[in-house]
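Engineer: Residue numbers (the numbering used here), protein chains in the order written: chain A, -19 to 304; chain B, 8 to 350.
Read the hints as simulated data drawn from the structure, not as lab findings.
One or more hints might be untrue.
Partial chain B-side listing against chain A, Cβ under 7 Å, derived [as the list claims (entries may be wrong)]:
(1) ARG260
(2) ALA297
(3) THR302
When the alpha-carbon atoms are kept at most 30 Å apart in a straight line, the in silico DSS-like pairs for lysine-lysine are as follows [what the hints assert, rightly or not]:
(4) B:LYS241 to A:LYS198
(5) A:LYS198 to B:LYS279
(6) A:LYS289 to A:LYS29
(7) B:LYS135 to A:LYS198
Small disclaimer: the values here were computed from a predicted structure and weren't measured.
Note that beta-carbon positions come from the ideal geometry of N, C-alpha and C, so glycine has one too.
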Amino acid sequence: MATSTPTPPTPTVDLSVDLAGLRLAGPMMTASGTCGYAWEYGDFVDLTKLGAFVTKSITLHPRKGNEAYRIVETRGGMLNAIGLANVGLEVFLKEKLPQLADMRSKGPRIIVNVAGHSVEDYVVTTQRIADEKAIDAIELNVSCPNVKDGLTFGTDPLLLRQLIKEVRASMRRDCKLIVKLSPNVGDITLTARAAVEGGADVLSMINTYTAMAIDIHKRKPRLANTTGGLSGPAVRPLAVYLVNRVYRAVARDANVPIIGMGGIQTWQDAAEFLLAGASALAVGTALFVDPATPIKIMDGLSSYLAQQKCASLREIVGTLKIDP
Amino acid sequence: MNALPSPVHDVTPTRDLFEARVEVNRRMCRDHYLLRLRITGPRDFPTTQPGQFIQLGCANPDRASRDTREEVTWQPGEVPALHQDELCHPSAFLRRPFSLSGRGDDVLGTWVEVIHRVVGVGTDWLSKLRVGDAVDFVGPLGNTFTRTPGKNNALLVGGGVGLPPMFYLAEALDAAGWKAMAFVGATTSELLAVSIEEGLVPESDGRPNRSIVQFASYSDPSVVTSDDGTIGMKGRVTDGLLPVIEKMSGAERSKTVIYTCGPEPMMHAVTKLAERFGIECQVCLEQAMACGMGTCQSCIVKIEPDTARGEVAQGRSVEGRDWRYKLACTDGPVFDSRRVVWG
Ligand SMILES: Cc1cc2nc3c(=O)[nH]c(=O)nc-3n(C[C@H](O)[C@H](O)[C@H](O)COP(=O)(O)OP(=O)(O)OC[C@H]3O[C@@H](n4cnc5c(N)ncnc54)[C@H](O)[C@@H]3O)c2cc1C
Ligand SMILES: Cc1cc2nc3c(=O)[nH]c(=O)nc-3n(C[C@H](O)[C@H](O)[C@H](O)COP(=O)(O)O)c2cc1C
Ligand code: FES
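Okay, chain B solo, but in the shape it has when bound (with noise of 0.2 Å):
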């Protein structure tokens, strides 16, 4: 009786609005801030993948629903409370989305985690959140990373705000027998927001080594690039990758996935890269969302169509590639990158 696109992979659907209160909220660099929710409430959070978001509120829970909650104490005569807050003020509205960068369930319940950058009204607000105020989200939402069968080996290639699933991802790889190496891009060092091993530094030659705390946890060795050489190899991040993939053997590349997440360009240029060596490669894509959830239609991405199922081109690139619109909050976010049309 569902109408849900069917999940490209099996996820099952049980979404939900969660309710959760601030463990931790550090920051980890200039911008970025590291937030663990621990879920409140009666409801059991519902397993995760990496790949996966939630659509957290940005904004005082009970500004959107104290007033359909609570019961009607308003008597004649009395002048009725203003709730109007959204109007006085800069405050998100809608929620905003994030990946999920680590998942803990303990003796107290379950944790989610995700690092957000402070890019606006809603990143702001959650910046300054104190340990046992209140949020709520929505989640989990959207696809997963997969583990392709008969393939053991990981090169995660995370940017900017794209690098925070990647860390829930080394943890699951690890978890499954995996092995993994990442590769960092920042563009500056104050905007890395990793957590580096004391003694160490990422290497200015791109060799990689075990300084990032995030991977060298589950031993995974990281390459960072910096546009600016700030830290670690002044270039792309896929100048640290290239080098990597060529030392590869053919029979090392047939054993490989490479995930990526962050902007468009670098992902791209991962793509082009993953292609040329016939590795194959999972993108996390973003695009601007209302619900997250799959109604509205705004998230689209261009994804060639799967003519197998009967899909029919909506458009064609100036590559001559057919597209079709997906959402990347119920299709995705997470897509093959064969068929991600790009541009």
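Just chain A, with the same shape it has in the complex (with noise of 0.2 Å):
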């Protein structure tokens, strides 16, 4: 560790974010599905400094998930198999979105991210939610690997560009699309590429990766579910990759965000994001080590990007220097 201290840099940088028209005062985020509703960690952290606060996802009905046990721990990250549990539209309206209006009004902008079955499903949601004042975006999980047919949307190009044209066309004007793009795909500039031309403002990536963990004794699985999904340092270097991937053959020259998540855990991690052309970035799994790492992370960014020279963190964005 390089741990001389010398004269503590005075940050002066603009943390702000713009993401396609929706301005975010910092660049950090939550997760979906990694900090609950609303203000679950309200008594651990000043949630008022995120950027943004991203739900868990909401279906149209209620979901119970999987059964026990969803999740394992694997050498540097996390298999879940959650399921989609959920208190479903209904519930979310009435309980949770007072709440996330409250949010709204401290300062972080207020996204909900949106899962379904079809496109029907997805359309009704996304519609309702979007119709609430309070709600400044719509993430479109399209890639939960933990439910029955739940990949199809977030792998199949054609069906996600009509899937995501229905959305949008449904959806208050003003209200952003945030498409999460799954990593179980073999080309990912292809679903990417699908979802800008269906009408996505904003990317965001990755979801989880398809992964499986074995109990050698019982000669079993260790997700009641099979399955589930990967998190955690474990898969951030290919979360980087996708990004990177993304940024330069899509998103830069469509002009469309990407918020970069996937292992994030230190100001290192957030740094390498941005270079690689995330615009902002989300903090799941290791929330549940930390929850303020996120607000921790912003302190590292700032000095970070004035060492840099940056006077803005947009001006970092996509900056990697890959030699010809």
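Two independent chains are provided; combine them into the complex using the hints.
Structural biologist: Below, the structure written as structure tokens:
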């Protein structure tokens, strides 16, 4: 570790982010499914310092989720097969929305993650949520690996484009549409392009990698669902690569910002994603270790950017130098 | 403004991330270690009750947070420091849940104790801690065992790693003026994480005596059973419990609460006994946890829906009982045994 302490830089860096017209005070967000519906971490950390808050996936009807065991730790990460357990649209609107409106009034932008089984599911749910003024953006989860057929939309470019077109058309125009990409594809630029063509304002990536862990004594999968989604530090290099790939092949030219995530735990991790092409950053699994992780990362990023002689965070996005 | 599910019992939600130093790390038996952690840092540790747990970091606390806390000292041309030890050798990434087995407040501040069995990478790391080493944990978490108004007698039933919270409970019940008797189950004597009073041994016929220091300090008698008969009575913990309950009068039973924590089959058996004799029973359930804070939805347990509060069933057991998933970390870990849907 480089630990000698010279004069601490006094950061006056502009950390604000422009997500296709949606202004965030800072780059840090929560990742869906790791931070509850609203204030769950409120007694640990000042959530109002987040650039945006992203809810657990909401589906049209409540879902109880998969059987136990739903999680298992693997080296440097974890597998989860929660199965989109959530309260459903109706309870969300009644109980969670007021809390989110309250949070929004204190600073963070509010993004609701939506999942579904059919185009109709998605359209009905998204339209209803996007009608709410307190909601700044919808993030479409088209890539949950833990439910039956959960991957079809996320892996088939044609289906994906069609889905996004219909969802976009049904939504309040000034509510942004974020499409969350699955890493479980052969060529991610195909789904990324389909999403942009369909009308995505922003791309977020990545969701978890489908994976498996085995109890060798029982000769059985460790998760009741057999497979789960891998997240945490173990996936970070894979995620950084995919962000950079999509940035260079699709997003930069289409002027579509990327929200980068996958194993972010430190400001160095965050900086990698920015250099690779992400405009904003989400922290998921690391919240389980310390809910204040995103806030702590912001301090480190300010110093880093000052040292890199950047007046704003925007300046560093996608500035990875690759030798010809 | 808080979205916490309202706690079953009145615990002020003042959970936080606390830093601590190891004050004691003592091996209690073959695989079990007692850790006393002295809380450092400026914040007061909130009040706690038996049944609550902490999410203890089982890896160098610096690993996760050093990078984010330090000033940037990197200069162009310098090789950046690696921060990927999690990939270099097995180390626990997520925190691990442990029940409080004790807590103390003195002139130096607050300490908490946990007793853990070495079963994997995280507990192995804990067992190697030295006095003065830094750790951090999130807590206090979960609901608590409760003292039912009008009752004053407790039967504490602990097995394996379910025993530690019973030590804390014995202390709290004593302070509240309750009478208690402990029933301790172990697979074998080497895995019994208790201290034995000098000159005494647990009776092999299951008669209660004061041989276990952790209970005898509050004058509580105890019964030890072991699967192989290497200590105490040979048999299951319920084999020690049944005769004691049988000897109780109906009036005594109605003043009694059974508190239990341990392997699921044990708790299930204890629950059945409690139901048979009409005794109230509180169980402390375990489930694999990632966050411990109610966000990840991993720690589900099946509990009878509270229809009075408008809860609807999510499924039905083979015995035809309705259930609904609850979170062991925030709705529990302590539940009324009558509402637990086993299996
Ligand atoms: C509320 C609660 C309170 C607990 N209190 C205590 C306590 O006071 N003392 C104590 O020793 N343990 C306690 N446990 C269990 C303890 O959390 C696990 O033993 C610990 O997480 C294992 O970590 P590890 O890294 O050493 O093992 P890992 O490497 O994670 O796992 C090793 C083995 O243990 C199994 N395992 C992991 N976690 C659990 C679990 N939660 N339940 C059953 N098997 C598991 C794994 O499947 C694996 O076979 C408690 C658990 C909960 C949920
Ligand atoms: C327990 C858990 C639950 C998750 N639930 C959701 C979800 O409901 N919807 C979704 O789009 N992503 C979900 N994710 C994926 C995360 O939002 C994120 O994309 C992924 O975990 C990678 O980031 P990380 O390594 O920082 O966790 C979940 C991840 C975890 C670990
Ligand atoms: S451990 Fe995450 S919800 Fe209980």
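Engineer: Output the numbers, in ascending order, of every earlier hint that fails for this structure.
Structural biologist: 1
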